[in-house]
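Colleague: As a plain string of letters, each chain reads:
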Amino acid sequence: MIEASHLTKRFGSVEALRGVDVSVDRGEFFGLFGPNGAGKTTMLRILTGQLRPTEGRARVLEVDVVSEPLRVKSVIGIVPEVESPPSYLTASEYLYFVGHVRKVDGIEGRIDRWFRFFDLEGSRGILCKDLSKGTRQKLMLAAAFLHEPAVVFLDEPFINLDPIYQRKLKDFLLEYVGHGGTVFMASHLLDIAEKVCDRVAVIQDGAIVATGSVDEVRGSESDLEAAFLRIVGA
Amino acid sequence: MGGVLRLMLREEFRVHTSYSSRSMFLSFPIIILLFSTAIAVTSGRLFAYTPLADAVLLLHATVFLYGLSVGAFGFLGRQYLERTNGTRNYIVTMPGLLPMRLRRTFLGMYARDAIFYVALLLAPATAGLALSIPLTHFRITSIGILFATGFLSFLVGMSLSFFVSTLYMRSRIGFVAAVIGVTGLFAGAGTTRTIPLSWILPGFAAHEQLPPFRTDLFAAAGWSLLASAIIGLLVAGAAGLVPDRFEPRAVPVREELPRLVSRFRRLGTYAPLLSKELVDLQRSGTYAKMFFSFVTPLLFLSFTAWFVRYGLQVPVGFNTVFYAGMVGFFGVILYNWLNNVDATDYLAGLPVSVPQVIRAKLISFLLLTTWLGVGFVGLIAWLNADTRLLWLAIPIVLVTSVYIVVVTAYLTGLRTNSFLFDPGVLARFSVMSMLPDFGLTILSFTIDRDPTFAILGIALVLGILVATTYMLLKGIDAKWRGTEFGD
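Listed in order, the protein sequences are those of chains U and Y. According to the working numbering, the first sequence is numbered sequentially starting from 5. According to the working numbering, the second sequence is numbered sequentially starting from 1109.
The set of hints was computed from the structure by calculation and includes no laboratory data. Keep in mind it's a predicted model, so treat the numbers as computed, not measured. Among the hints, a few may not be true.
Stated by the list, open to error - Taking beta-carbon pairs under 8 Å as the criterion, some of the chain Y residues facing chain U (in silico):
| no. | residue |
| --- | --- |
| 1 | P1360 |
| 2 | V1361 |
| 3 | R1371 |
| 4 | F1372 |
| 5 | L1375 |
| 6 | V1387 |
| 7 | P1463 |
| 8 | T1560 |
| 9 | A1562 |
| 10 | L1564 |
Claimed, not checked - Per the computed footprint, the stretches of chain U lying under chain Y, defined by three or more beta-carbons under 8 Å from a beta-carbon of chain Y, are:
| no. | region |
| --- | --- |
| 11 | 33–42 |
| 12 | 51–63 |
What the hints assert, rightly or not - Far from chain Y, by Cβ distances over 10 Å, these chain U residues were calculated:
| no. | residue |
| --- | --- |
| 13 | D175 |
| 14 | D195 |
| 15 | D209 |
| 16 | D227 |
Positions of the beta carbon are idealized from the N, C-alpha and C atoms, including for glycine.
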C-alpha cells in the first residue's frame, strides 16, 4: 500500500531525511512520531507527492510518488499540518470545490454528510478566513475524506479539535481502518496514538530509530510516551 | 519603537531575499545605480527636446506614483491580519498576541517602507546621478535638491496611499469618496489646470524655487513645510483610522461557486479553478484594486502624452495605435493582482498542478480584463477623435495584453510580485516587454507618414508576439511542472 525505500531529503546543507525505509499494509493504522524537526512532515509531504526526495523511491497504491505526484494526490486524502482552506470560499463551497477537482459524484450529499458529522451547519455560508481554527481543521478533514480514499495521510489531525471531536474522529478512523482503509498519521499525541495505531515508527534527526507494533515499541515501559522519551534520549 | 522598526526592516529584507537570494537582491540597487548613471550620461539628448523643468516634473510625478504604489498598508496589513498569506506570518500581526498597539505597528510599517524603498530605489538612483558628475558636470547640490524634494513627493504619494487604503478598513463609502476626490484633484490639475500642480506635488513646487531654476530659499522652505504638513496630516489621519483591534466580521455570504462551476463546466478540470478565481476576486475586493491600479498608470500615461503634445507643443503623433500598445503592456499589473488574492498552499494536497492553476489564472485574465483594455483604447480614441485607427488598435491591445501576461506567467508563475524583484527575472522580463513595445511605439509614430510600412511592421511584430505567446504557453508546463504550491 505504502512503500518507501532509502528516502533522503536535503534542504541545502540540512539533511531532513536520511535514507528512510517504510512499509505500510492495507488496512493498517500507522503512526509516525518524533521530536520537533525530526522529519515527520517532510516524510509525509514526500509520500503525498508534495515534495521530491533528493534520493530514494516511494510508491503509494502502486503509484510512484516522484514521477506521478498528481495521480497520487487523486487517489489519497491529505490533511496538512497547517489548516489552510482558501480564504474567500465559504465552508461548503470549499468542499464543493474539492469535490469538483476530485471529480466525485453526488457532491452535495457527501458535503451534507460531513457537515452533519462535524456539526458544521452553522458555518456553511461563512468564509474560511473567518472560521475558527477548529472549524478549519474539521473542514480539512472533511475535504480529505470527501472522495472516500483508500489511504489517508494525516499530519496532526487531532490538533485544534475539542475532546468531543477528538473522540468522534478517533472512532471514525478506527471504523475506516476496519473497512480496509489505511491511515498514515504523523502526530505528537502519543496517548491517542497508543489507542489507535497498529504499528508505529519513531523518527529522529531524519532517520527511523524504532519501528514495530505498539507493544513492540513500548517494550517494558508503562506507556508509549515513556518509551518514546527513552528512544529519543530525552 | 526603534527596536521593532529595526526588526521590521530586517523582516522586509529577509522577505525580499527569500524571493531570489541575498546576492541577487542586493544586485537590484546596483542595477538601478548603473541604469541611473547611464540615463544621466545620455541626458544631453533628452534635454535637447525636453526642457529641464518638464523632465524634473516627470521625475517628481514618477516618484509620487512610486510612493502611491508602496504605501497601501491598509490593504496589505489587512491581508496579513486575515492570514491570507498561507503559512507566513509577519510582525504586523503581533498586536494580536502581544501588548502592542496595532496603530503603532502600522506606523512602523510606514517608517519601514519609507526607509526600505528609498534605500532600494531612490538612494541608488541618486547615487547613480552623482557618479555621472565627471561626465555630465551635474552639480552635487542640484542632485541633493532633487533627492530631497523627490523624497517629499515620494512621501506625499505614500502617505496618500496609506490614508486612502486605511480608510478602506473603516468605510467602503468613505474609500470610494476619497478615491473620487483624489481622481478629481488629478483630473483638475492634469487636464483643466483648475487646480495648481503644486497642491499635489509640493515637493516639485519646492524644487522649482531652488537651483538650477531659482534661488528663493524662503519660498522653497514654505513649499517644503506644506509638503511636510500634508504628509503629517495624512499619516496622522491614517493612523487614527487604524482600529485598536482588528476583528474580521464573520458574515454569511451567498453561495456562488456551484453556479459558476456549472456555467464553466465545458472547461472541464479548469471549471472549479476558474470559478474559485472569480469568487476570490469578488469577495476580496480585488476587482476594485485591479481596476484602479490599471487605470491610474493609464491616466498618467494619457496625461503625459497630452502634456507632451499640448503642454510642451512637441509634435509627437500619439495616436490610438500608440495607446493600444501601451495599454496591452499594462496587463502585467492585472496578472500580479490575480496572484495576490490568496495563498495557494491548500492546493498542495489536491490533484492539481501549478501549471494548471497558472492557466486558470490566464483564462480568468482573459475573461475579466480584455474589455478593460479594449474599452480604454476605445475611450481614448473617441476622446482624441482618432477612431479611424481602431480597427488596428484593437488587435494590438488584445495581442499585446495576452503576450505580456503569458510572458509574466511564464517567468514568474504564481509569485509575480516576488519574482519581479529577482534581477535575473526582471532583466528577462524587461527585454521581452520593452523590445516589442519599443517597436510598436516607433511604428505607431510612422503610421501617418508611411501607412503601408507601419501596418506591415505592426503585423510582423504582432505575428512574432503571437508565435512567442504560443511557445511560452507550451513552455509553462515544462518550467513549472516540478514546483509545488507555497514553494
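Colleague: Taking the numbered hints from earlier one at a time, note which ones the structure violates and give those numbers from smallest to largest.
Modeller: 3, 4, 5, 7, 8, 9, 10, 11
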